[in-house]
Amino acid sequence: GTLPLESLNIEQLQNVQKSTEQEVQSLTEQLTQLTTAQQRILSSKRLAKEFGKQPEGKEILLPLSGSVYVQGKLCDTSTAMVDLGTGYYALKTLEEAEEYFQRRAAVIKDNVDKGTQALVQRRHMYDAVTSVLQQKMAAAQAQGAS
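The opening residue of the sequence shown carries number 1 in full-length UniProt numbering; numbering runs sequentially from there.
Misleading hints may appear alongside valid ones.
Listed next, with one range per pair, are the computed distances between beta-carbon atoms [claimed, not checked]:
#1 Ser43 to Thr116: 13 to 23 Å
#2 Ala90 to Gln134: 54 to 64 Å
#3 Asn15 to Ser65: 40 to 50 Å
#4 Arg103 to Lys18: 32 to 42 Å
#5 Gln134 to Tyr69: 55 to 65 Å
#6 Ala139 to Glu21: 56 to 66 Å
#7 Gly72 to Thr32: 32 to 42 Å
#8 Leu42 to Thr77: 15 to 25 Å
#9 Thr116 to Arg46: 19 to 29 Å
#10 Lys18 to Ser78: 49 to 59 Å
#11 Lys18 to Thr77: 24 to 34 Å
#12 Val70 to Val112: 31 to 41 Å
#13 Gly72 to Gln102: 26 to 36 Å
Cut-off 30 Å, straight-line C-alpha distance, at most; resulting in silico cross-link-like pairs (DSS-like, lysine-lysine) [what the hints assert, rightly or not]:
#14 Lys45 to Lys73
#15 Lys92 to Lys53
#16 Lys109 to Lys53
#17 Lys18 to Lys109
#18 Lys73 to Lys53
#19 Lys45 to Lys109
#20 Lys49 to Lys73
#21 Lys18 to Lys114
#22 Lys92 to Lys45
#23 Lys58 to Lys45
#24 Lys136 to Lys45
Bear in mind the hints are in silico, worked out from the structure with no lab data behind them. Note that CB positions come from ideal geometry on N, CA and C, so glycine has one too.
Model the full structure from these sequences, guided by the hints.
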């Protein structure tokens with residue numbers, strides 16, 4: 001079961017407050033990473049759709065690294081090599097690629113939603129702990145002053 005916050009002493013409340021604050025920070029970082037990944041995947045989905053509209057033979061610059069490019073020509077605009085993660089790639093039709101990216105984005109959205117709920121709960125917990133801690137510290141000060 002859960003322990004009422006009022007039953008904890010000041011030191012225990014400070015420890016709970018600190019660990020809850022760390023959880024809030026960790027969840028916030030995870031949500032930022034998930035949101036960035038979701039944006040990348042949705043961008044890949046849009047690019048797959050746009051790629052199919054390009055004419056074969058169109059000249060392009062192909063990145064070899066972040067600052068080195070080579071010239072090339074599009075030869076097949078009906079398929080694309082899709083990064084599946086951890087070094088695996090698959091040749092997919094553009095429609096399959098779009099569906100793949102849509103599924104990945106949906107999974108990430110589900111994780112973002114769950115993470116957001118957890119973050120809201122941890123923030124409420126942090127606020128509750130902080131409130132009880134402030135009350136106990138004020139009471140301790142008042143007791144010490146009398």
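Here is how each hint holds up against the structure:
no., hint, verdict
1, Ser43 to Thr116: 13 to 23 Å, "holds (21 Å)"
2, Ala90 to Gln134: 54 to 64 Å, "holds (56 Å)"
3, Asn15 to Ser65: 40 to 50 Å, "holds (48 Å)"
4, Arg103 to Lys18: 32 to 42 Å, "holds (39 Å)"
5, Gln134 to Tyr69: 55 to 65 Å, "holds (59 Å)"
6, Ala139 to Glu21: 56 to 66 Å, "violated (23 Å)"
7, Gly72 to Thr32: 32 to 42 Å, "holds (35 Å)"
8, Leu42 to Thr77: 15 to 25 Å, "holds (21 Å)"
9, Thr116 to Arg46: 19 to 29 Å, "holds (24 Å)"
10, Lys18 to Ser78: 49 to 59 Å, "holds (56 Å)"
11, Lys18 to Thr77: 24 to 34 Å, "violated (55 Å)"
12, Val70 to Val112: 31 to 41 Å, "holds (37 Å)"
13, Gly72 to Gln102: 26 to 36 Å, "holds (28 Å)"
14, Lys45 to Lys73, "holds (22 Å)"
15, Lys92 to Lys53, "holds (16 Å)"
16, Lys109 to Lys53, "holds (28 Å)"
17, Lys18 to Lys109, "holds (29 Å)"
18, Lys73 to Lys53, "holds (14 Å)"
19, Lys45 to Lys109, "holds (15 Å)"
20, Lys49 to Lys73, "holds (18 Å)"
21, Lys18 to Lys114, "holds (23 Å)"
22, Lys92 to Lys45, "holds (12 Å)"
23, Lys58 to Lys45, "holds (21 Å)"
24, Lys136 to Lys45, "violated (54 Å)"
Violated hints, in rising order: 6, 11 and 24; the structure is consistent with all others.
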